[in-house]
Amino acid sequence: MSGRVATALRRDRRVLAAGMLLGLLGAGTVLAAIFLPDPVAQTADGRLLGPDWAHPFGTDELRRDVAARTFAGLRSSLVTIVLAVVPGALAGTGLGLAAGVLGRLADGLLMRAMDAWQAFPGLLIALAVLAITGPGRWGVGLTLFLFAIPSFARLARAQARSEMTREYVLAARALGASRLRIALNHVARNAWDPLLTHLALMLTVALFIESALSFLGLGVQAPAPSLGGMINASRQYLRESPAYLLGPAAVLSCMVLSLNLLVDALQDAFSGRRGAGLRGR
Amino acid sequence: MAVFIARRLLASIPLLVLATLLVFVTLELVPGDPAELLAGEDATPQRVAEIRHELGLDRPLLVRYGDWLAGLLRGDLGTSLSRGMPVRDLVRGALGPTVELAVAASAVGMAAGIGLGTLQAAAGGRLDGWISAAVSLAISVPGFVVATVLLWVFAIQLDWLPASGRVPVLSDPLGGLRTLALPAGTLALSMGAVLARFTRGSVTAVLQQEYIRAARARGLPERTILVRHSLRPALVPVLTVAALQVGNLLTGALVVEQVFTRPGIGYLAVTAVRQRDIPLVQGVVVVFALAYVLVNLAADLAVAFADPRLRQ
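Protein chains in written order, with the working numbering: chain F, 1 to 281; chain X, 1001 to 1312.
FYI, nobody ran anything at the bench for these hints, they're computed from the structure. All C-beta atoms in this analysis are idealised placements derived from N, C-alpha and C, irrespective of residue type, glycine included. Careful: at least some of the hints might be erroneous.
To be verified - Pair by pair, the computed Cβ-Cβ distance ranges are:
1. X:Ser1082 / F:Val79: 41 to 47 angstroms
2. F:Gln42 / X:Ala1011: 55 to 61 angstroms
3. X:Gly1056 / F:Gly176: 57 to 63 angstroms
Stated by the list, open to error - Residues of chain F clear of chain X, computed beta-carbon distances all greater than 10 angstroms:
4. Ala6
5. Leu31
6. Leu48
7. Pro135
8. Trp138
9. Ala222
As the list claims (entries may be wrong) - Some chain F residues well away from chain X (every beta-carbon gap over 12 angstroms; in silico):
10. Thr7
11. Leu24
12. Ala33
13. Ala44
14. Pro56
15. Glu61
16. Ser76
17. Asp107
18. Leu110
19. Val169
20. Ala188
21. Arg189
22. Cys254
Using the sequences and the hints, build the whole thing.
This is the structure:
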């Protein structure tokens, strides 16, 4: 990351906003873990209570603390998407670099396979995968892993191919460096920026998919807490306790919003564009 | 143009074949034996073998794929394990609600998104900033959250609209639109937000072109410049994004139909996966894939129609 990019990011108000939101969510997670009851245990208080100091988002139909479950659910979502998307990103990047550096045949084969895989939307892949593995966290993780691979492969390949035409690659070759060495030592390093932005983007998309699948009852299974699962359960009690819906909904939306703001800021910083709202000035 | 259409049609065939193969083979990997499932717990091995033979499960994988594909071409998608009905009938029954939903949502979403984006690019300043912020927020709230919140506000708090169900629009327009308003509104919101953002960028870029400056120098009114000279070139890339968004509507339907208990394809798909009704999952996924390919085909044709350079 160059100094120009770092400066652009520091000046970007979106980064500040995202940082504040993430700070709030982080503080909420820590405070919930210290002060709130066990997310899975039933409390001695009533069911479907409104928010108060003991239960900031109220209680659910089984007298569990909604806030404790919300933050535990957020943590579990984040663990799932990071553990699934990061390996997917590495695998995809590896494949893409290989396609960009190796010969035509390997390139053609790999990329046609990626095209076909990418031709269909994530939730459709999820349905097929989950029909095989059955609902649950592992199936969701596998879906997200598979979902992440092709877009990283494409991006890494495009980067590799444009880097391979640079003079420094020619120079490295002239010095006798092998293709592998060039790919790992030079191309991968220069392709880093857009891949990082894409990783942030894919984490956001993964959070969407993960929470939607839990909402549909295909992700994390009860009694383990999940944001999607809680919002799904809250639908039956909207009259009694709106906080049951609004707490998890707000936390999930803030998480996605802060990731989105970061992605936008990263994209603009790397492309040298100015942020939104500065048009024509 | 005819050549372009023909070539584009041919190009989508391998994709479909690959998709069907992928769907069929992956779903064949499902652990568990449907024959044992159907036979029940205390069936004799002979009975299980009989059922397996009846279902054709004792033949090699590729033969079964061939049969299934041939059936698919005849419109025969097999029999649902959980409901004992032909998958074709289930899918056909579920198409109406989803098509209504997709059409309504994309009409509203496109009109609102393109309109807002153009307004932002033309107006600039504070209005642009506020709309941009609202758009960022709308993009960040997942569809099922929007749907549930809309359900809470309009169906429960205000009691203006029904919370669930579906009435066909063609037989009862008013009742149909009432059941359609919340699900279509949910999908239109996310689609509109993405399109507004993209349209804003595209129109802004066109407005910075030299020929726009030339038009201004010739004294054309801003309105004419915007509508006649900027929108057409600016909307070509927007069309492509809009088509992708229509594709996303189909997956959005998975979630939204669940929230509003709308008996469409999405609802059917989720039920099928939950019950691990493999023939039904296969059928639904293939229908989804087909719809997705067709929507993208239509988009490519529309783009080619709008921009002659792309017909080559």
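Each hint tested on the structure:
1. Taking the beta carbon of each, serine 1082 of chain X and valine 79 of chain F are about 33 angstroms apart, not inside 41 to 47 angstroms as hinted.
2. Checking the proposed 55 to 61 angstroms range against glutamine 42 of chain F and alanine 1011 of chain X shows it holds: the Cβ atoms sit about 58 angstroms from each other.
3. Taking 57 to 63 angstroms as the suggested C-beta distance range, the pair glycine 1056 of chain X and glycine 176 of chain F conforms, at roughly 60 angstroms.
4. The Cβ of alanine 6 of chain F sits about 23 angstroms from the closest Cβ of chain X, beyond the 10 angstroms cut-off, so the non-interface label holds.
5. The Cβ of leucine 31 of chain F sits about 23 angstroms from the closest Cβ of chain X, beyond the 10 angstroms cut-off, so the non-interface label holds.
6. At roughly 14 angstroms, the least C-beta separation between leucine 48 of chain F and chain X is larger than 10 angstroms, which holds for a residue marked as non-interface.
7. At the 10 angstroms boundary, the C-beta of proline 135 of chain F falls inside the reach of chain X, the nearest C-beta of that chain being 7 angstroms off.
8. Taking the minimum C-beta to C-beta distance to chain X, about 13 angstroms, the non-interface status of tryptophan 138 of chain F holds against the 10 angstroms cut.
9. Listed as outside the interface, alanine 222 of chain F is consistent with that label: its C-beta sits roughly 14 angstroms from the nearest C-beta of chain X, beyond the 10 angstroms cut-off.
10. With 12 angstroms as the threshold on Cβ separation, the claim that threonine 7 of chain F sits away from chain X holds: the shortest Cβ distance comes to roughly 22 angstroms.
11. Distance to chain X confirms leucine 24 of chain F as a non-interface residue, since its nearest Cβ pair spans about 15 angstroms, more than 12 angstroms.
12. Under the 12 angstroms C-beta cut-off, the non-interface status given to alanine 33 of chain F relative to chain X holds; the minimum distance is some 24 angstroms.
13. The beta carbon of alanine 44 of chain F sits about 28 angstroms from the closest Cβ of chain X, which is more than 12 angstroms, so the claim that it is off the interface holds.
14. With a closest Cβ-Cβ approach of about 19 angstroms to chain X, proline 56 of chain F is found to remain outside the 12 angstroms limit, as its non-interface label requires.
15. For glutamate 61 of chain F, the condition that its CB be more than 12 angstroms from all CB atoms of chain X holds, with the nearest at approximately 16 angstroms.
16. No beta-carbon of chain X comes within 12 angstroms of the beta-carbon of serine 76 of chain F; the shortest separation is about 16 angstroms.
17. Every C-beta of chain X lies more than 12 angstroms from that of aspartate 107 of chain F, the closest at about 18 angstroms, which supports listing it as non-interface.
18. Even its closest Cβ contact with chain X, about 15 angstroms, leaves leucine 110 of chain F beyond 12 angstroms, as expected for a residue assigned away from the interface.
19. Non-interface status of valine 169 of chain F relative to chain X is upheld: no Cβ of that chain comes within 12 angstroms, the nearest being about 32 angstroms off.
20. The Cβ of alanine 188 of chain F sits about 29 angstroms from the closest Cβ of chain X, beyond the 12 angstroms cut-off, so the non-interface label holds.
21. At roughly 30 angstroms from the closest C-beta of chain X, the C-beta of arginine 189 of chain F stays outside 12 angstroms, upholding its exclusion from the interface.
22. Look at cysteine 254 of chain F: its CB is around 8 angstroms from the nearest CB on chain X, not clear of 12 angstroms, so calling it non-interface is violated.
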